[in-house]
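Protein sequences appear in the order of chains A and B. Here the first sequence is numbered in the numbering used here, starting from 1 and rising by one per residue. Here the second sequence is numbered in the numbering used here, starting from 1001 and rising by one per residue.
These are computed hints drawn from the structure, not numbers from a lab. None of the values given here were measured: they were computed from a predicted structure. Be careful, since some hints might not be right.
[Unchecked claim] Restricting the straight-line Cα-Cα distance to at most 27 Å, the calculated cross-link-like pairs of lysine-lysine (DSS-like) are:
no. : chain 1 : residue 1 : chain 2 : residue 2
1   : B       : Lys-1056  : B       : Lys-1006
2   : A       : Lys-151   : B       : Lys-1317
3   : A       : Lys-145   : B       : Lys-1045
4   : A       : Lys-151   : B       : Lys-1321
5   : A       : Lys-151   : B       : Lys-1045
6   : B       : Lys-1079  : B       : Lys-1113
7   : A       : Lys-153   : B       : Lys-1079
8   : B       : Lys-1236  : B       : Lys-1334
9   : A       : Lys-148   : B       : Lys-1321
10  : B       : Lys-1313  : A       : Lys-151
11  : B       : Lys-1107  : A       : Lys-148
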Amino acid sequence: MSFVEGMIICFIGGWLNSYLYSYHLKKKNRAWIFWFAVIWIAAVMSLDVLIYLNIIDVRLILLPWIKIPKGVDVGRYYMWNPGLILGIQFKSQIIPGTGIVWEIWALMIFISYIWWFTIGQNLGRFMYGRLTYERGVWYLLRSTKMIKRSKEKLEKKLAKNN
Amino acid sequence: MSNDKKIFLVDGAKGHTGTYLVKALLEHYPDCKIVATDLPTDTRKELMTKETLFSKQLSYMLEILEDPRVEFIPADLTKPETLEPLFDGKKYDVIFHPASLYDYFAKLDILRKINVEGTRNLLNLVCKTQDLNRVRFIHWSTCGVYGEPKYKYDKKTKYVIPADETAPYNPPNDYSISKMEQELVVKEFMEKHGLKATIIRPAPIYGPHQTYGTYHILLVLKVMGYSALPLIHPKKRRLMLPSIHVVDLVEAAIFLSEKDEAIGEAYNIIHDLVFMDDWIEWVNQQLGLKYTIISVWFPIFKLISKMVVWIGKKRDKKSRKFGMRPLLDVPMLKYVTHQYAFSNKKLKDLGYKFKYDTWTGFKETIDWYIEHGWLPTEQNGMEVY
């Protein structure tokens, strides 16, 4: 993954966390929302740091037609250029330099993964609710078919409890 | 308080307003006798699907009908023969007629059958059996009969001037059409038979135990947990919130039944208006919800409102196809997207003093809903579909 894809995956992770929390996790254990966040961010960040530091050789997971210019640091080149893993090679490419400024930028982007996760999570909460009984904006946006299904499910549950 | 041994007839007595009316009458006239009527239980359950939309456990203050001063006689307005026992040898002082099918989802033909023809059946018997010099008839209509009138604007504040009781009929939905036609029936009996009737036009009613209308809006907001609140610009276009607490509604009805000046008149029963955006923000705070205020230019707001109503209509159609009700009926969406501003000056000029204003009334109502588990919280585990 590149930095951009890392940020997108963290955003999706945050969104997914809210969805799972709203529909599944909260009924079992509310602490799961925290552990899901820790595991997701840690996994994405570790993978990207390892790629960046060339500990994982990114060429093993690259598609064969992707050309990496000679003489560049493969891991850093890969991280700074989005789309490579999807086989997209943009005309203008970023050739990362070796100065400390590049490293500081990289560090800041890695830290921003947490922020992207939080943004995704907040939007997910807006969509699916934040407290155990909340259903978010999705409650009104659901199709009539979904509402019907949800009603039947609840009625069945109430009948069983009674 | 008066100790007159009055005799009252209250129809729709098992409904939200009906139960509050019976309670208020018993408090005002401790020695009175009340004949209360409503549909037989099974028929009522079948018809009033709105009351159990979100939960089958919600119920009104039906225990009030067990008071020894209350005689309950089931009757159906659409079947004149079932109404006769209500008038057997009884001479009423006041007949309160809140009974109606108040359901925005109901079809016009059913609404007409119950609201219009039912009222005609009732009035036929009233005129046949009652002393028309004595009996007062308090008829429940709705502010909805005005629709969205053409408003004038205050030159100083630039805000809309609320419409009074002289505004023409312009009902915007089937329910309001049936209420307009119902008013015309009452007026016909006033002219032909000299019936001493007063028409009251309540704004959307709220209050503890209420299960429809405002309750649906509060419940949906609570379940969503997050809302975006539009703040309309220019400010002179800001929407007003029409509402009335059920206690003030029944108190006003009793007050009007005691005033001879009210005979042959119509009265809006509505709190002093507040701005819709202020109210929605306040309600969000009371419900502990998160919200974002978004400034919207009025034409854009109107466009979005039209889209919301259009989507609401589509959903209504689809829900009917699936044999169910939508979460919010289309006229409920119009509450919060249209300008409904009506004046209570005529009622106030007659001397009525409101017990609640919008803020105190809604505060009490929301607290009641939460306390009684009618709105979901982390603690009560209430689930909605």
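Item to check | Pair hint Lys-151(A) and Lys-1045(B), alpha-carbon separation not exceeding 27 Å | outcome: Judged against 27 Å, a Cα distance of about 19 Å means the pair holds.
Checklist entry - Has the given pair, Lys-151(A) with Lys-1317(B), been kept, meaning a C-alpha gap of at most 27 Å? => result Answer holds: Lys-151(A) to Lys-1317(B) is near 18 Å, not above 27 Å.
Checklist entry - Do the alpha carbons of Lys-1236(B) and Lys-1334(B) lie within 27 Å of each other, as the hint requires? => result Satisfied, since the Cα-Cα distance of roughly 19 Å is no more than 27 Å.
Item to check | Restraint check for Lys-1079(B) with Lys-1113(B), where alpha carbons must lie at most 27 Å apart | outcome: With Cα atoms ~10 Å apart, Lys-1079(B) and Lys-1113(B) stay inside 27 Å; holds.
Checklist entry - Given the hint that Lys-1056(B) pairs with Lys-1006(B), does the C-alpha gap stay at or below 27 Å? => result This hinted pair is violated, its Cα atoms lying about 36 Å apart.
Next on the checklist: Tell me if the straight-line CA distance from Lys-1107(B) to Lys-148(A) falls inside 27 Å.
Outcome noted: Holds, because 21 Å separates the two Cα atoms, which is no more than 27 Å.
Next on the checklist: Run the distance test for Lys-1313(B) versus Lys-151(A): straight-line Cα separation, threshold 27 Å.
Outcome noted: The hint holds at about 20 Å.
Next on the checklist: Need the status of pair Lys-153(A), Lys-1079(B): alpha-carbon distance at most 27 Å?
Outcome noted: Not satisfied, since the Cα-Cα distance of roughly 38 Å exceeds 27 Å.
Next on the checklist: Next pair to validate is Lys-151(A) with Lys-1321(B); report whether the Cα-Cα distance is within 27 Å.
Outcome noted: holds (16 Å)
Checklist entry - Are the Cα positions of Lys-148(A) and Lys-1321(B) separated by 27 Å at most? => result holds (11 Å)
Checklist entry - Would the pair Lys-145(A) and Lys-1045(B) pass a check requiring their Cα atoms to be no farther apart than 27 Å? => result Measuring from Cα to Cα gives roughly 25 Å; hence the hint holds.
This entry does not satisfy hints 1, 7, going by the numbered hints stated previously.
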